Amino acid sequence: MKPRSKRLVLVGVGVALLVGAVALVLNAFQQNLVFFHTPTEVAAGKAPTGRTFRIGGLVEVGSVQREPDGVTVRFAVTDTAKTIPVSYQGTLPDLFKEGKGAVVQGRLEADGTFRASEVLAKHDENYMPPEAAHAVEQAHKAGATVKP
Amino acid sequence: MIPELGHFSLVLAFVLSLVQAVVPLVGASRNRAALMAVGRPAAQGQFFFVAFSFACLTWAFITSDFSVEYVALHSNTATPLYYRITGVWGSHEGSLLLWALVLALWTVAVTVFSRHLPDVFLARVLGVLGCISVGFLAFLLVTSNPFERLLPGAPEGRDLNPLLQDPGMIIHPPLLYMGYVGFSVAFAFAIAALLSGRMDAAWARWSRPWTTVAWVFLTAGITVGSGWAYYELGWGGWWFWDPVENASFMPWLLGTALIHSLAVTEKRGAFRSWTVLLAIGAFSLSLLGTFLVRSGVITSVHAFATDPKRGLFILFLLVVVIGVSLLLYAWRAPRLSGGGSFAFVSRETALLGNNVLLSVASASVLLGTLYPLFLDALGMGKISVGPPYFEAVFVPLMTPVVVLMMFGPFLRWKGDTLGPVLRRVAPAFVASIAIGVGAAFAIGHATPRTMLGLALAAWVVLASAQQLVARLGERPGAASAARLRGIPSAWWGMWLAHLGIGIFIIGVTLVGSLNQSLDVKMREGQRAELAGYSFVFRGVQDAAGPNFDASRATLDVSRSGVAIATLHPEKRLYRAQGMPMTEADLDIGPFRDVYVSLGEQLPDGSWIVSLYYKPFISWIWLGCALMALGGIFAASDRRYRKLAERSAPAAAARQAA
Amino acid sequence: MKAKFLVPLFLFLGLAGFLAFGLTLNPREVPSPLIDKPAPAFTLARVDDPAQQFSLADMRGKVWLLNVWASWCVACRQEHPVLVDLAHRNLVPVVGLNYKEVRGDGQLDARGMALDAETGLAVERARRWLGEHGNPYMLSVLDIDGRVGIDFGVYGVPETFLIDGNGKIRYKHIGPITPENLQQVILPKVEEVRRAG
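Residue numbers (our numbering), protein chains in the order written: chain W, 2 to 149; chain B, 17 to 673; chain C, 88 to 284.
No wet-lab data here; the hints were simulated from the structure.
One or more of the hints may lead you astray.
Claimed, not checked - Label pairs and their computed distance ranges (CB to CB):
id : chain 1 : residue 1 : chain 2 : residue 2 : range
1  : B       : Ala393    : C       : Glu267    : 22 to 28 Å
2  : C       : Asn268    : B       : Ile604    : 46 to 52 Å
3  : C       : Gly101    : B       : Ser533    : 40 to 46 Å
4  : B       : Val27     : C       : Gly207    : 46 to 52 Å
5  : B       : Arg543    : C       : Pro137    : 49 to 55 Å
Stated by the list, open to error - Mimicking SDA-like on lysine to any residue, the simulated pairs with C-alpha atoms at most 25 Å apart in a straight line are:
id : chain 1 : residue 1 : chain 2 : residue 2
6  : C       : Lys91     : B       : Val335
7  : C       : Lys124    : C       : Gln140
8  : C       : Lys91     : B       : Arg348
9  : B       : Lys398    : W       : Ala17
10 : B       : Lys537    : W       : Ala122
11 : B       : Lys283    : W       : Asn28
12 : C       : Lys259    : B       : Arg284
13 : B       : Lys398    : W       : Gly51
14 : W       : Lys98     : B       : Val335
15 : B       : Lys325    : C       : Asp172
16 : W       : Lys83     : C       : Asp232
17 : C       : Lys276    : C       : Pro168
18 : B       : Lys430    : W       : Ala17
19 : B       : Lys398    : W       : Glu119
Quick caveat, the model's predicted, so the values are computed rather than measured.
Beta carbons are placed, not taken as given, at the ideal position from N, Cα and C, and that holds for glycine.
Hey, can you work out the whole structure from these sequences and the hints?
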């Protein structure tokens, strides 16, 4: 091959590769981004159904209950304005506690329960995951402060 | 007193780093031997003072000197001695000090093993390393002084984060930093070459062992970190695509590309500007990783407390170091194009293809890591990018890399004809597809992912075998021992590292396809079954560690009536921080791990237990170990030593003249 | 052809600009939505004498700081000398909101503890801590269950609120106060609010 045509082939292959990679990345983003919603947004019906997303806030005090099988847990996540019931099967993280911040990933069921596939708890005693903090902030911003 | 000595010694190190940064560079540009000669003693002195400072901090930890704030926040009198020592790098300030120490160590290594380098070149390398050192020591002194006093001293310390109280954490950060920071040497070589305009095969040959050794450390560091996450986080995962993990993985990907690109530059003189760009890129990603971890711009389970001032400082450092080097690159690199020409079908093309793919993969990880920040910045909502994104991008990008990786070595440098090579590799290629599909059906998990993974692994193993046979057949007539010895260790390095990838793929594929887990409520004497293993819960006893109290469960594991292991997973409560921790226990086997972690106790007295069956997970670590071993072989190739011996007299002659 | 060698530089500069912007989005620096809104009303028992109550209305007409603290909070210890120093200089009154003294402490299990017992323990712990480290507060009040903290949107301890004479929140500082933020941000804000009010 002549140097000129060789260069053309190389550039062509490079461009094709880049386009492929970009398409791949965009497609992966499209399908796999996990959006974050506050309980208030979920209650207002702004959250998608049939798609995984995250909610964050405080685990409502007194809401944690275990099913008889011992493995299924029910609790409620609140941003102090609205409260979303959550069910989860599996082991809770060490730092999961009532009244503390948590972020929960999963899907919204038709009955309004959030079926969690993953529960992330506040990582350190003096600090809340920023997402949970964000939810509480949002609720305040909406002026929806309620006295618990 | 000792903390003040440590602080003072850090200031002295900073002054010496300034000298090391400025004087040799000035000497090199004016060609003054006396100025250039300053670099070596300045670097060694700087190392001494940083090491002394590090020793002072370690001493404060060992003696539990809680009048030092950093010690008070990350240690405790009840913490075992080894975790008091590793507590030194348990948080921000100390790990930065470790960063500086490792950088100084690499610099000293350069001064010791560089007798064969021309003086001007060495002066520039040391000057560039000095500049980086100036930046990091200033960062330490200005924003993150680990010797800050807490007066009056605390009566007791807050203890090290329990997650970090683990043997894996003793060696993980030093290994990782040796890798991260090691790329600074390749970076300094590249900048020195840009400054001098000399960028030839000799340059690539000098850089190669340094780059490879740094890569070995990084590989080992990432592996240990992954192993730590596997058994310490308590739910059996081994890679989470967490931003902090990605921060170490991106430089690894570019570093891998760099090693291969350097090979081409050394052998064929080609890809020169590309190689330089990769050297700058690998180190830039190390710095970027440091920024992401330290500044708190990204939410991560590992992220340390955020401090905008620190973030700004590192960002400034990042912009200066990377910005200046890329500017230099834009100015000088145009002179470097050209070099060895090669045909479309050649080993160069295969390596170029892999380089591009690895760089794209690295960019896609960067994009996934930064995307949440990006959307947040644009006010488009809060999102997280999880493992599904990375897997969706990574598998299609890495598949051609693995295919090319085993295809490349069959091709000749410069140019080859496709027909005969294809005929040579076709049987192995076809066979591996058949093996992949067949094996996936045989294990009863015939998904595309499993077939692809097993086929790729088979391809790596078969092609490796074929390459070995071909290599041994090169000197017919010689005794087989002589033939083995005749193969240079660089070749063994490549062969082992590539084989390691194959083993790694087997582990990843099978643990992904066949792993089983069960969360179950158990009380004393109860039995649970998983993947043919039966687990009998023997109850929970209280146990006390040096700085924690634990509930310690006992489970007997057996398979078809044969006892296999007794496991003791624990639920610990670390006293000083009141932080609960799950400590899993596992039985490691060559073909499977059995992994048990203890959940919480229920009001009726029973316990939640998580049981995991992890087939072939050890193969992941084994594969990584082979890659690292391959790197060691490659770096210890005789020709690097010969090069040193050969040029030593020449250098001596030059000095005498 | 030369231009292509500038591409990496420009890509990097774009990234750096974006990261610089990211730094300003630091999650701890988010301004409170309560800024310039009336502070949530509360009436709570005092640490020095739990029989006495203190309420937000008692401070009407004054510009003051509400500092959220707890004895289990490490960062509070860090900022404490700054507050003690501020108290010596008598520049602005500081009221302490002792936040979840007992149930916020991860080392204690407050479940099942009677409220009286919890209050008693909280008073004892809070007083001991103030005795050890100095008491910069005009007074401190007990937010046993953290409700007032939640109303104020507290999501980490320590936090400090600047409240004006009309009972409006004018500024919120998240995390420990350093001498620099006190001098360069908080005190000037206090002056500004005083002049405006």
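Task: Proposed proximity, Ala122 of chain W with Lys537 of chain B (alpha carbon, max 25 Å) - done: Measuring from Cα to Cα gives roughly 22 Å; hence the hint holds.
Task: Hint consistency between Lys398 of chain B and Ala17 of chain W [alpha-carbon to alpha-carbon, up to 25 Å] - done: violated (32 Å)
Open item on the list: Does the beta carbon distance between Arg543 of chain B and Pro137 of chain C stay inside 49 to 55 Å, or does it fall outside?
Closed with: With a Cβ separation near 54 Å, Arg543 of chain B and Pro137 of chain C satisfy 49 to 55 Å, so the hint holds.
Open item on the list: What's the verdict on Lys430 of chain B and Ala17 of chain W, does the C-alpha distance respect the 25 Å limit or exceed it?
Closed with: holds (24 Å)
TODO: Assess, step by step, whether the Cα of Lys283 of chain B is no farther than 25 Å from the Cα of Asn28 of chain W, and give holds or violated.
DONE: violated (39 Å)
Task: Given hint Glu119 of chain W paired with Lys398 of chain B - CA-CA distance at most 25 Å - done: holds (17 Å)
TODO: Note whether the CB distance of Val27 of chain B and Gly207 of chain C lies within 46 to 52 Å or breaks it.
DONE: holds (50 Å)
Open item on the list: With the threshold set at 25 Å, check whether the alpha-carbon distance from Lys325 of chain B to Asp172 of chain C stays at or below it.
Closed with: holds (24 Å)
Task: Ala393 of chain B paired with Glu267 of chain C, Cβ distance criterion 22 to 28 Å - done: Holds - the Cβ-Cβ distance for Ala393 of chain B and Glu267 of chain C, about 27 Å, lies within 22 to 28 Å.
Open item on the list: Between the alpha carbons of Lys91 of chain C and Arg348 of chain B, is the straight-line distance 25 Å or under?
Closed with: With Cα atoms ~12 Å apart, Lys91 of chain C and Arg348 of chain B stay inside 25 Å; holds.
Task: Straight-line alpha-carbon gap Lys124 of chain C to Gln140 of chain C, limit 25 Å - done: holds (24 Å)
TODO: Please test the hint of 40 to 46 Å on the beta carbon pair from Gly101 of chain C and Ser533 of chain B.
DONE: The hinted range 40 to 46 Å holds for Gly101 of chain C and Ser533 of chain B, with Cβ atoms some 43 Å apart.
Hint check: violations occur at hints 9, 11, 12 and 14; the rest are consistent with the structure.
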